[in-house]
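The primary structure of each chain is shown beneath.
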Amino acid sequence: MPHSHDSPDRRALLEGRGLAFSRNDEPVFGPLDFALHEGEVVLVEGDNGAGKSTLLRVLSGLLAPTSGEIRLRGEPLTLARLSPQVALLSHQTGLKHELTAFENLRFAAGLQGQRKGISPLSALAGVGLDGYDDVPVRRLSAGQKKRVALARVLMAPVALWLLDEPYANLDHDGIQLVNRLLERHAHDGGAALITSHGAYAYTSGTPRRIRLNRLFEDAVEGAVA
Amino acid sequence: MRPGSTSSACAAVIRRDLTLIWRRRGDALNPILFALMVIALFPLALGPEPEQLRRIAAGVVFVALLLAGLLALDTLFRSDYEDGSLEQLVLSPHPLSLLLGCKVAVHWLTTALPLIAVAPLLGELLHLPGDVRGVLVLALLLATPLLSLIGAVCVALTVGMHRSGMLLALLVLPLYVPVLIFGAGACNAAQTGLPFLAPLLWLAAALVLALVLAPLACAAALRISLS
Chain G
6 MPHSHDSPDR
16 RALLEGRGLA
26 FSRNDEPVFG
36 PLDFALHEGE
46 VVLVEGDNGA
56 GKSTLLRVLS
66 GLLAPTSGEI
76 RLRGEPLTLA
86 RLSPQVALLS
96 HQTGLKHELT
106 AFENLRFAAG
116 LQGQRKGISP
126 LSALAGVGLD
136 GYDDVPVRRL
146 SAGQKKRVAL
156 ARVLMAPVAL
166 WLLDEPYANL
176 DHDGIQLVNR
186 LLERHAHDGG
196 AALITSHGAY
206 AYTSGTPRRI
216 RLNRLFEDAV
226 EGAVA
Chain B
72 MRPGSTSSAC
82 AAVIRRDLTL
92 IWRRRGDALN
102 PILFALMVIA
112 LFPLALGPEP
122 EQLRRIAAGV
132 VFVALLLAGL
142 LALDTLFRSD
152 YEDGSLEQLV
162 LSPHPLSLLL
172 GCKVAVHWLT
182 TALPLIAVAP
192 LLGELLHLPG
202 DVRGVLVLAL
212 LLATPLLSLI
222 GAVCVALTVG
232 MHRSGMLLAL
242 LVLPLYVPVL
252 IFGAGACNAA
262 QTGLPFLAPL
272 LWLAAALVLA
282 LVLAPLACAA
292 ALRISLS
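Order-wise, the sequence lines are chains G and B.
The opening position of the first sequence corresponds to residue 6 in my numbering, with each subsequent residue numbered one higher.
The opening position of the second sequence corresponds to residue 72 in my numbering, with each subsequent residue numbered one higher.
Don't read these hints as lab results, they were simulated from the structure.
The beta carbon of each residue, even a glycine, is placed where N, CA and C say it ideally should be.
Some hints could be false.
Unchecked claim - Residues on chain G that point at chain B, a partial pick, calculated with CB under 7 Å:
id	residue
1	L93
2	G99
3	F112
4	G115
5	L116
6	G118
7	S124
8	L126
As the list claims (entries may be wrong) - Only part of the chain G face toward chain B is listed, based on derived beta-carbon distances under 7 Å:
id	residue
9	L67
10	L68
11	S95
12	Q97
13	E103
14	Q117
Turn these sequences into a full structure, and let the hints guide you.
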């Protein structure tokens, strides 16, 4: 049962009830029930095209769900209430290639604010890019770009991280780094929903998983394991 | 945890866009050079008769600036859409319309303002009488931000489509026509000694309306384009 672990005193940070999304009348995922609590990392698994990225876009408020509802700390969600509380890392990293890593992060800090005690420079150091602050992003490798994008998420003063394929393009150290960042974020009372196509995964502890299946192959609903 | 203030978010957008334009200054200069070339070519094509040039001067300057702005319009949200920074703008805790308004302001500052600054010289090139040059600058100051704002709404509507250049021109041109008529009309009236205040006031009224409504429309259109 999706809600069996919910205790009344512990209100979920993010909760989906009967959440489903269709594009042009073709179902992409759902209906899906899940709850994400503070201090929790939940892994969204699924094959390519199973709707993982779409789920994150729905949860970030960029797309409106076709049916069902999203609750944030127990209250129905509106984009205005959500956006100060969520950081999204999507496939397009949102970095400007002409700007340096530092300039990109300074822009992000202006736009989203910054977490107490973290500056663009310390965020860069936190993702292992010490000394890369004045290198144009265009000259960074794909993995390094991913790290800069992670530094932006790290800097955002939000409780909820939605990370789409955070492990893609990263080397072994990078994967460990993402796991460390997630652990620390969860330890500080934050929560994260991360997608993975299965090749790499969150290794610390045994995170709860949401499994999405491709709806046009077998009409199995996404379920929380 | 503190979300930054809205003014610092606006400042960040303006600062980033200006830096980007500076880094791509070769591309950014294109529309301005285009307008200057068009205006400089008219006397060469029509012959140097002051009487003839004087009659078309204001119209030529207006059309050149309008087309230069149109050239730069497609890039207004395109790269932000493609690299995902538009998503970040939408997800920021600040009003999207305000942030987009800042982007449009940067577009106007970098494509229209330099040309307005040299507009008296361009008028001189086309034998525009001295007292009409003031009206020309005033009309341009009112009309070009209006063009940028109207254009931004249309770009926001088409940014999700591939190869939307043609569609954008079709959407934008009918909306640009009234602005052109009032702007160039004010200059023509001034030239023939007629009162020119009314068309300028119309432009000012439209600009106020657009300043308030266009960023909101832009934000709504971009949200649709992103979904």
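Comparing the hints with the structure gives:
no.: 1; hint: L93; verdict: holds, 6 Å
no.: 2; hint: G99; verdict: holds, 4 Å
no.: 3; hint: F112; verdict: holds, 4 Å
no.: 4; hint: G115; verdict: holds, 2 Å
no.: 5; hint: L116; verdict: holds, 5 Å
no.: 6; hint: G118; verdict: holds, 4 Å
no.: 7; hint: S124; verdict: violated, 13 Å
no.: 8; hint: L126; verdict: violated, 16 Å
no.: 9; hint: L67; verdict: holds, 6 Å
no.: 10; hint: L68; verdict: holds, 5 Å
no.: 11; hint: S95; verdict: holds, 6 Å
no.: 12; hint: Q97; verdict: holds, 3 Å
no.: 13; hint: E103; verdict: holds, 4 Å
no.: 14; hint: Q117; verdict: holds, 6 Å
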